[in-house]
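A.B. asks: Below are the chains, spelled out letter by letter.
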Amino acid sequence: MQWQFWIIQTLNSLAFGGLLFLLSSGFSLIFGLMRIPNLAHGAFFMLGAYFGYSMLARGGNFWLVALVAGLGVGIIGIALERLVLRQISGNEQGQVLVTLGVSFIIADICLLAWTGDPMPLPAPQALRPPLRFAGYAFPTYRLVVLGIALVAAIGLYFLMERTRIGAMIRAGVDDMEMARGVGIPVSRLFTAVFLLGASLAGIGGVLGGPILNAYPGLDADMLPLALIVVILGGAGSLLGAFVGSFVVGFLYNFGIALAPDLAYFVLFLPMVLVLVFLPQGLFGRVQM
Amino acid sequence: MKRGTIIALTITAICLVAVPRVIVNEFYVNMATQVLIYALFALSINMMLGYGGMVSLGHAAYLGVAGYACILLNIAGYDQLTAAVLAVLLSTVFAGLFGVLSLRAPGLGFIMITLAIGQIVWGIAYRANELTGGDNGLRLPQRPRPFGISITSAENFYYFTLIVFVIALFFIWRFSRSAFGASLMGARDQPRRMSMLGHNVWLVRWLTFVMAGFWGSVAGILFVYYNVFLSPHAIALQQSAEILLMAILGGTSTLTGPVVGAVIITLIKNVASTYVERWNTLLGAIFVIVIVFMPYGLVPGCRQLWRRIRSKLARRTPVHIDTSGSCT
Numbered sequence: 001m002q003w004q005f006w007i008i009q010t011l012n013s014l015a016f017g018g019l020l021f022l023l024s025s026g027f028s029l030i031f032g033l034m035r036i037p038n039l040a041h042g043a044f045f046m047l048g049a050y051f052g053y054s055m056l057a058r059g060g061n062f063w064l065v066a067l068v069a070g071l072g073v074g075i076i077g078i079a080l081e082r083l084v085l086r087q088i089s090g091n092e093q094g095q096v097l098v099t100l101g102v103s104f105i106i107a108d109i110c111l112l113a114w115t116g117d118p119m120p121l122p123a124p125q126a127l128r129p130p131l132r133f134a135g136y137a138f139p140t141y142r143l144v145v146l147g148i149a150l151v152a153a154i155g156l157y158f159l160m161e162r163t164r165i166g167a168m169i170r171a172g173v174d175d176m177e178m179a180r181g182v183g184i185p186v187s188r189l190f191t192a193v194f195l196l197g198a199s200l201a202g203i204g205g206v207l208g209g210p211i212l213n214a215y216p217g218l219d220a221d222m223l224p225l226a227l228i229v230v231i232l233g234g235a236g237s238l239l240g241a242f243v244g245s246f247v248v249g250f251l252y253n254f255g256i257a258l259a260p261d262l263a264y265f266v267l268f269l270p271m272v273l274v275l276v277f278l279p280q281g282l283f284g285r286v287q288m
Numbered sequence: 001m002k003r004g005t006i007i008a009l010t011i012t013a014i015c016l017v018a019v020p021r022v023i024v025n026e027f028y029v030n031m032a033t034q035v036l037i038y039a040l041f042a043l044s045i046n047m048m049l050g051y052g053g054m055v056s057l058g059h060a061a062y063l064g065v066a067g068y069a070c071i072l073l074n075i076a077g078y079d080q081l082t083a084a085v086l087a088v089l090l091s092t093v094f095a096g097l098f099g100v101l102s103l104r105a106p107g108l109g110f111i112m113i114t115l116a117i118g119q120i121v122w123g124i125a126y127r128a129n130e131l132t133g134g135d136n137g138l139r140l141p142q143r144p145r146p147f148g149i150s151i152t153s154a155e156n157f158y159y160f161t162l163i164v165f166v167i168a169l170f171f172i173w174r175f176s177r178s179a180f181g182a183s184l185m186g187a188r189d190q191p192r193r194m195s196m197l198g199h200n201v202w203l204v205r206w207l208t209f210v211m212a213g214f215w216g217s218v219a220g221i222l223f224v225y226y227n228v229f230l231s232p233h234a235i236a237l238q239q240s241a242e243i244l245l246m247a248i249l250g251g252t253s254t255l256t257g258p259v260v261g262a263v264i265i266t267l268i269k270n271v272a273s274t275y276v277e278r279w280n281t282l283l284g285a286i287f288v289i290v291i292v293f294m295p296y297g298l299v300p301g302c303r304q305l306w307r308r309i310r311s312k313l314a315r316r317t318p319v320h321i322d323t324s325g326s327c328t
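Residue numbers (our numbering), protein chains in the order written: chain E, 1 to 288; chain D, 1 to 328.
Chain E extracted, bound-state conformation:
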């Protein structure tokens, strides 16, 4: 049945786009505020998936596990920011490379702790049977993931646009010197943004688990996608991360479904177009 194929692929793309949004919104915020592309972000995502796997294997509630795993990854994010990045503040290039080094360490520890086999995360029991509507089947879990990503997007929007801390973060993104000058505690904001970004990546990892599985190399698969999302959407912009995530989600998913050999090449094209015509990305707030 042809229609069924398109429905499934579209929902897959939307769910994957939602996961990418959870991953790249944090990445984009950290980059916008601290000027660091956090290359450990893919490793955070993978770590979330593995944490989720272990807790689910012990019989935890799926949604609670997602929150706890996210918080766990968030704490690791804070540790990275406070204990390592602080040591070399001011040396942004060094900070980027350090996050890369940390991502290698995390990936290797995951390999040691969870072996090299892919670990499937079970989706919540109630969401496993597909929804049937007008003769077509819709994968329920993916719809729910999409819903959660949308809720997260709205939540982040309100956090950024309607709260005091959001206003402070926006001020920091737009003009760090001025923000410091008017008494915004920028260094505490760094920690807060790292907690937020790493937690979102960790939650994304758990939610993505039933779709992608937890496996070694998940970090290296997700990180470039997050980079392309931010290159497309523009750094430091929530809207950019949102639009970019779904564009990449669709391209990647349909690429894999229709031309598996060229899935990566398909991603390359929009990146080239955006870089050539709009080097700041579609909605970029800051210069990359």
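FYI, nobody ran anything at the bench for these hints, they're computed from the structure. Some hints here could point you the wrong way.
Unchecked claim - Derived coverage of chain D by chain E (criterion: at least 3 residues anywhere in the stretch with Cβ under 8 Å from a Cβ of chain E; other residues may be distant):
(1) 232–241
(2) 286–299
As the list claims (entries may be wrong) - To spell it out: a stretch of chain E is covered by chain D in this simulated footprint if at least three of its residues, at any positions, have a beta carbon under 8 Å from a beta carbon of chain D; those stretches are:
(3) 91–102
(4) 215–227
Quick reminder that beta carbons are idealized off the backbone N, C-alpha and C, glycines included.
Model the placement of chain D on the given structure of chain E, informed by the hints.
C.D. replies: Coordinates of chain D only, in the frame set by chain E:
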């Protein structure tokens, strides 16, 4: 050149030539060959990094493009020389395109774009099963026979690599001392003033990018000749990161730095992989330690130390610590 430099160069040259004669064991001769290949990778990335201040995390892409092209052309029946030349040419053209895209964003965006492009090349190599054999990789039918000489033995291959390496080193040394190299350093330190003086900063950076891509491709061909095999594993992010780390560890502001870095990392990697499985943890840890504690790298660090010791011995006033021209 100063007399000291000439003596040092002569001694180094004799040592390099004598390596396979002194360490007859094939395993160690092969390790020396690996060091040379990685040193060339590190030197090529350092053209961008050390003199241009451009941090690339996609250097393994040249290994990928040149390596796969070389193997595929060989399989398609081209002779070795044509295959190698075409592969390097293709990879250099690719570097030109890669450079146009990466240089759209200065600074940190550059790192992100090079990383993304490097991973895309990796992804294509991994996914395009029919072309690249996917995860299984591709085998080079055989090593070439330059001028009819067989380079299948470890010793002969070492000399082959050494000759290519010395030629590359000479050109990269000339590059670093040339007027072009000076304008590149100017573009790194004072891009605005350089444009004001009439230099096309973008063009200088782009040409450097392409040259680094060219020598990276040459190193890639050597890598493929050495392993007689290429798989996506060899062009993953780890490879780019290792090459970058070699240059940073040794010290980017010097020509010897990347070579020293390549020696140290290759030795650690070979030794570590015989004793522990956790090479990636070690790689990550070295990365963090080097950047936090030795931002200028080993060679400039040791030089500073040496100057300090000498000035103490001579009981002169403390020397001025020269950190200009260093970058991480």
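A.B. asks: Against this structure, judge whether each hint is valid.
C.D. replies: Hints, verified against the model:
Interface restraint, the region 232–241 of chain D with chain E: holds (4 residues with C-beta to C-beta distance below 8 Å; minimum three). For the region 286–299 of chain D, the stated coverage by chain E is satisfied: 6 residues place a CB nearer than 8 Å to a CB of that chain, which reaches the threshold of 3. Restraint check on the region 91–102 of chain E versus chain D: 10 residues with Cβ-Cβ distances below 8 Å, three needed, restraint holds. Counting residues of the region 215–227 of chain E whose C-beta sits closer than 8 Å to any C-beta of chain D gives 4, which meets the bar of three, so the coverage hint holds.
Violated hints for the displayed structure: none, as all numbered hints are satisfied.
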